[in-house]
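Residue numbers (numbering that gives the first Met the number 0), protein chains in the order written: chain P, 0 to 420; chain A, 0 to 300.
Hints should not be assumed to be uniformly reliable.
[To be verified] Listed below are the simulated BS3-like cross-link pairs for lysine-lysine, each with C-alpha atoms no more than 25 Å apart in a straight line:
hint: 1; chain 1: P; residue 1: K375; chain 2: A; residue 2: K201
hint: 2; chain 1: A; residue 1: K104; chain 2: A; residue 2: K230
hint: 3; chain 1: A; residue 1: K48; chain 2: P; residue 2: K274
hint: 4; chain 1: P; residue 1: K240; chain 2: A; residue 2: K174
hint: 5; chain 1: P; residue 1: K338; chain 2: A; residue 2: K48
hint: 6; chain 1: A; residue 1: K48; chain 2: P; residue 2: K331
hint: 7; chain 1: A; residue 1: K230; chain 2: P; residue 2: K87
hint: 8; chain 1: A; residue 1: K104; chain 2: P; residue 2: K240
hint: 9; chain 1: P; residue 1: K240; chain 2: A; residue 2: K230
[Said to hold, decoys possible] Some chain A residues flagged as far from chain P (calculated, every beta-carbon gap over 10 Å):
hint: 10; residue: D76
hint: 11; residue: V101
hint: 12; residue: E103
hint: 13; residue: T115
hint: 14; residue: D137
hint: 15; residue: A143
If you are wondering where the hints come from, they were derived from the structure by calculation, not from laboratory data. Note that the structure is predicted; figures quoted are calculated from it, not measured. All C-beta atoms in this analysis are idealised placements derived from N, C-alpha and C, irrespective of residue type, glycine included.
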Amino acid sequence: MTTKSYLDMELLRFTTAGSVDDGKSTLIGRLLYDSKSIFQDQLEAIENTSKQRGEEGINLALLTDGLRAEREQGITIDVAYRYFATPKRKFIIADTPGHIQYTRNMVTGASTANLAIILVDARNGVVEQTRRHSFIASLLEIPHIIVCINKMDLMDWSEDVFEKIKSDYTSFAAKLDVRDIHFIPISALKGDNVVDQSKNMLWYNGSTLLYLLENIHIASDVNHIDARFPVQYVIRPYSDKFHDYRGYAGRVAGGIFRPGDEVEILPSGFNSKIKSIDTFEGPLTESFAPMSICITLEDDIDISRGDMIVRKNNKPEISQDVDLMICWMNEKPLQLNGKYSFKHTTREGRCVIKDVKYKMDISNMSRLADDKNLSKNDIGRITIRTTVPVMFDSYRKNRITGSIILIDEATNETVGAGMIV
Amino acid sequence: MRAYNLTHLRELESESMFVLREVAAQFERPVLLFSGGKDSIVVSHLARKAFWPSPIPFKLMHVDTGHNFQEAIEYRDWWAKEINATLVIASVQESIDKGRVVEEKGYNASRNVLQTTTLLDAIEQNKFDCAIGGARRDEEKARAKERFFSHRDEFGQWDPKNQRPELWNIFNGRKHIGEHFRVFPISNWTEMDVWQYILLEKIPLPTLYFTHKRKVFNRDGVIYSVSDFMKLKPEEKVEERIVRFRTVGDMTCTGAVLSKASSVEDIIAEVAAARTTERGSRQDDKRSEAAMEDRKKQGYF
Numbered sequence: 000m001t002t003k004s005y006l007d008m009e010l011l012r013f014t015t016a017g018s019v020d021d022g023k024s025t026l027i028g029r030l031l032y033d034s035k036s037i038f039q040d041q042l043e044a045i046e047n048t049s050k051q052r053g054e055e056g057i058n059l060a061l062l063t064d065g066l067r068a069e070r071e072q073g074i075t076i077d078v079a080y081r082y083f084a085t086p087k088r089k090f091i092i093a094d095t096p097g098h099i100q101y102t103r104n105m106v107t108g109a110s111t112a113n114l115a116i117i118l119v120d121a122r123n124g125v126v127e128q129t130r131r132h133s134f135i136a137s138l139l140e141i142p143h144i145i146v147c148i149n150k151m152d153l154m155d156w157s158e159d160v161f162e163k164i165k166s167d168y169t170s171f172a173a174k175l176d177v178r179d180i181h182f183i184p185i186s187a188l189k190g191d192n193v194v195d196q197s198k199n200m201l202w203y204n205g206s207t208l209l210y211l212l213e214n215i216h217i218a219s220d221v222n223h224i225d226a227r228f229p230v231q232y233v234i235r236p237y238s239d240k241f242h243d244y245r246g247y248a249g250r251v252a253g254g255i256f257r258p259g260d261e262v263e264i265l266p267s268g269f270n271s272k273i274k275s276i277d278t279f280e281g282p283l284t285e286s287f288a289p290m291s292i293c294i295t296l297e298d299d300i301d302i303s304r305g306d307m308i309v310r311k312n313n314k315p316e317i318s319q320d321v322d323l324m325i326c327w328m329n330e331k332p333l334q335l336n337g338k339y340s341f342k343h344t345t346r347e348g349r350c351v352i353k354d355v356k357y358k359m360d361i362s363n364m365s366r367l368a369d370d371k372n373l374s375k376n377d378i379g380r381i382t383i384r385t386t387v388p389v390m391f392d393s394y395r396k397n398r399i400t401g402s403i404i405l406i407d408e409a410t411n412e413t414v415g416a417g418m419i420v
Numbered sequence: 000m001r002a003y004n005l006t007h008l009r010e011l012e013s014e015s016m017f018v019l020r021e022v023a024a025q026f027e028r029p030v031l032l033f034s035g036g037k038d039s040i041v042v043s044h045l046a047r048k049a050f051w052p053s054p055i056p057f058k059l060m061h062v063d064t065g066h067n068f069q070e071a072i073e074y075r076d077w078w079a080k081e082i083n084a085t086l087v088i089a090s091v092q093e094s095i096d097k098g099r100v101v102e103e104k105g106y107n108a109s110r111n112v113l114q115t116t117t118l119l120d121a122i123e124q125n126k127f128d129c130a131i132g133g134a135r136r137d138e139e140k141a142r143a144k145e146r147f148f149s150h151r152d153e154f155g156q157w158d159p160k161n162q163r164p165e166l167w168n169i170f171n172g173r174k175h176i177g178e179h180f181r182v183f184p185i186s187n188w189t190e191m192d193v194w195q196y197i198l199l200e201k202i203p204l205p206t207l208y209f210t211h212k213r214k215v216f217n218r219d220g221v222i223y224s225v226s227d228f229m230k231l232k233p234e235e236k237v238e239e240r241i242v243r244f245r246t247v248g249d250m251t252c253t254g255a256v257l258s259k260a261s262s263v264e265d266i267i268a269e270v271a272a273a274r275t276t277e278r279g280s281r282q283d284d285k286r287s288e289a290a291m292e293d294r295k296k297q298g299y300f
């Protein structure tokens with residue numbers, strides 16, 4: 000790979016979900032292996048282990064088993080991140096285990112993904128796990144889904160099997176909020192349609208998985224319309240050269256910012272104008288998500304971490320009452336009327352759970368209005384009241400200004416992941 | 000560059016700067032662990048960018064085994080001045096002198112494991128509440144599960160089965176007194192990303208990374224530099240070879256590779272063609288399949 004092409008690559012983050020025996024680890028191993036992202040010493044290590052266990056050939060699934068407990072028990076405990084690159088893109092895989100009790104891991108992996116690969120075992124078709132994973136992908140607003148129908152080798156490479164599963168999935172996915180779904184018949188074990196086109200399924204003339212991963216259009220996944228800049232850190236050098244310098248450092252969460260823009264500071268409501276957008280290399284004429292920059296303003300206003308700079312004519316919601324879909328992540332169930340800390344962009348405060356509207360049955364996406372107990376791995380709709388106003392957009396509109404986490408004040412653990420409705 | 004679309008290196012850079020700024024905002028006494036290796040050099044470069052025009056708002060700390068390459072020490076002192084940072088040195092020799100740790104014996108004796116005690120002692124003495132490191136998730140299996148913000152209990156231990164979920168780009172750095180965090184801003188970078196970024200940003204590196212003539216010997220397939228810190232076995236021969244180092248660590252466990260790469264471009268070509276991971280030349284990871292996992296649980300970098 001030449002340096003020139005390397006500097007021109009895009010980044011695609013994707014997550015993989017599948018049940019225990021869907022062949023997810025084999026698929027990831029296959030992607031890494033066939034795209035030549037595996038080094039000789041790694042390969043030798045898994046070859047040895049495969050031999051010791053008396054397995055035939057190389058068990059590609061071993062490549063992704065990280066911790067000793069996982070290797071011993073043959074399970075995946077937590078989200079693991081894998082990396083590979085082709086001349087077109089660099090990929091970050093959030094590899095999550097598929098058991099029911101790991102909904103929280105799937106949510107974690109999905110939270111940063113542009114794309115989800117959902118594995119379906121061709122022998123079993125669309126099962127409860129498939130619906131569960133798809134619902135989570137939809138809830139987390141992952142823009143693209145690729146449904147890989149795996150183990151086609153065990154179903155005689157049958158087009159009918161593929162079409163049946165595709166049609167089953169399509170009819171249930173109508174209930175989901177997903178904009179872009181693709182279907183690929185594969186065999187992760189044999190490599191068909193993963194990196195190389197299958198010779199066993201000539202009836203399929205769509206793309207291979209890797210081709211799709213390399214070419215799917217992701218540039219419009221980021222919100223470039225609604226300008227949002229959560230202030231992360233105030234930069235005051237107090238040096239002779241930058242005596243009166245006061246810069247607001249942060250990462251653009253949406254829209255475009257340019258010097259000269261009329262802006263409003265929230266929640267104070269003061270108005271000002273952008274004087275400069277600074278970086279180590281020099282000032283910029285414009286900036287957009289997800290750039291990390293430093294903004295200076297024409298006026299001397301009291302601004303601190305947790306404030307938000309927005310365009311005067313395009314403001315987020317500002318409220319102390321926030322409605323969320325929440326995924327509960329802790330052993331201790333959510334407490335109605337309980338108090339928690341929250342973090343939203345760079346802003347934090349405390350909140351109280353005012354109402355649990357319903358719990359979701361994520362196997363069939365129905366609302367359980369009578370069940371208001373949210374335990375670990377449950378998802379439900381709640382209302383919170385915050386001690387300080389929160390400046391937010393719906394999660395659907397902006398994944399950064401629309402997401403929130405709840406923290407247990409006694410243990411400091413992250414207990415809930417919220418998507419603002 | 001396409002309109003309103005960042006290249007992957009700039010996106011990684013932006014993510015890392017965001018993480019570094021979160022550290023400065025969320026912790027009272029953070030410190031950047033600096034080894035003189037390329038990864039910690041890149042992290043300190045990113046920190047310089049993240050807080051410009053202010054200097055980096057935390058100190059650099061080097062855990063000095065006393066068995067370092069001279070070139071790495073010279074570079075360390077020069078770079079700290081260059082980026083206007085204060086350097087703290089935590090010495091393994093001092094830990095040995097104080098009886099906190101006992102030196103290993105035998106031909107393969109290394110101070111690598113001893114560093115953990117020195118590191119944890121230094122964190123406690125200096126009341127650091129967050130140690131920033133240059134570890135990457137692509138380096139090793141146990142690291143693939145590491146968070147950006149990694150919680151450590153009052154014993155400095157990592158509990159991989161009970162990590163806080165890390166969602167979106169919201170980092171939870173809350174902790175009780177006595178606990179601390181390890182933060183890894185370049186978690187999502189690969190070895191190739193680091194090299195391409197060094198080239199793109201023209202970041203100066205210690206000379207060890209580039210080809211040079213060196214007196215070496217071969218032990219169990221690893222090429223070691225001849226030094227006062229390693230005793231040769233009778234059958235081992237000293238040879239002069241053209242080598243460079245892919246990682247910079249303690250001399251007793253860092254192997255060289257035969258290489259004529261004299262520029263960052265040459266190294267990139269070499270990395271692209273490499274068939275072993277960079278930790279493949281690190282003897283410390285070969286001790287057992289779960290070596291890194293065990294050391295991390297105890298509080299290693």
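Hints and how they fare:
1. P:K375 - A:K201: violated (48 Å)
2. A:K104 - A:K230: Answer holds: K104 of chain A to K230 of chain A is near 11 Å, not above 25 Å.
3. A:K48 - P:K274: holds (20 Å)
4. P:K240 - A:K174: The hint is violated at about 37 Å.
5. P:K338 - A:K48: violated (38 Å)
6. A:K48 - P:K331: Cα-Cα ~41 Å, so violated.
7. A:K230 - P:K87: At roughly 48 Å apart (the allowed maximum being 25 Å), K87 of chain P and K230 of chain A break the hint.
8. A:K104 - P:K240: violated (54 Å)
9. P:K240 - A:K230: violated (53 Å)
10. D76: D76 of chain A is indeed farther than 10 Å from all Cβ atoms of chain P, at 23 Å.
11. V101: The claim stands: V101 of chain A keeps its Cβ more than 10 Å from every Cβ of chain P (closest is about 26 Å).
12. E103: At roughly 23 Å from the nearest Cβ of chain P, E103 of chain A sits farther out than 10 Å, so the non-interface label holds.
13. T115: holds (18 Å)
14. D137: violated (5 Å)
15. A143: violated (4 Å)
In terms of the numbered hints stated before, the structure departs from hints 1, 4, 5, 6, 7, 8, 9, 14 and 15, listed from lowest to highest.
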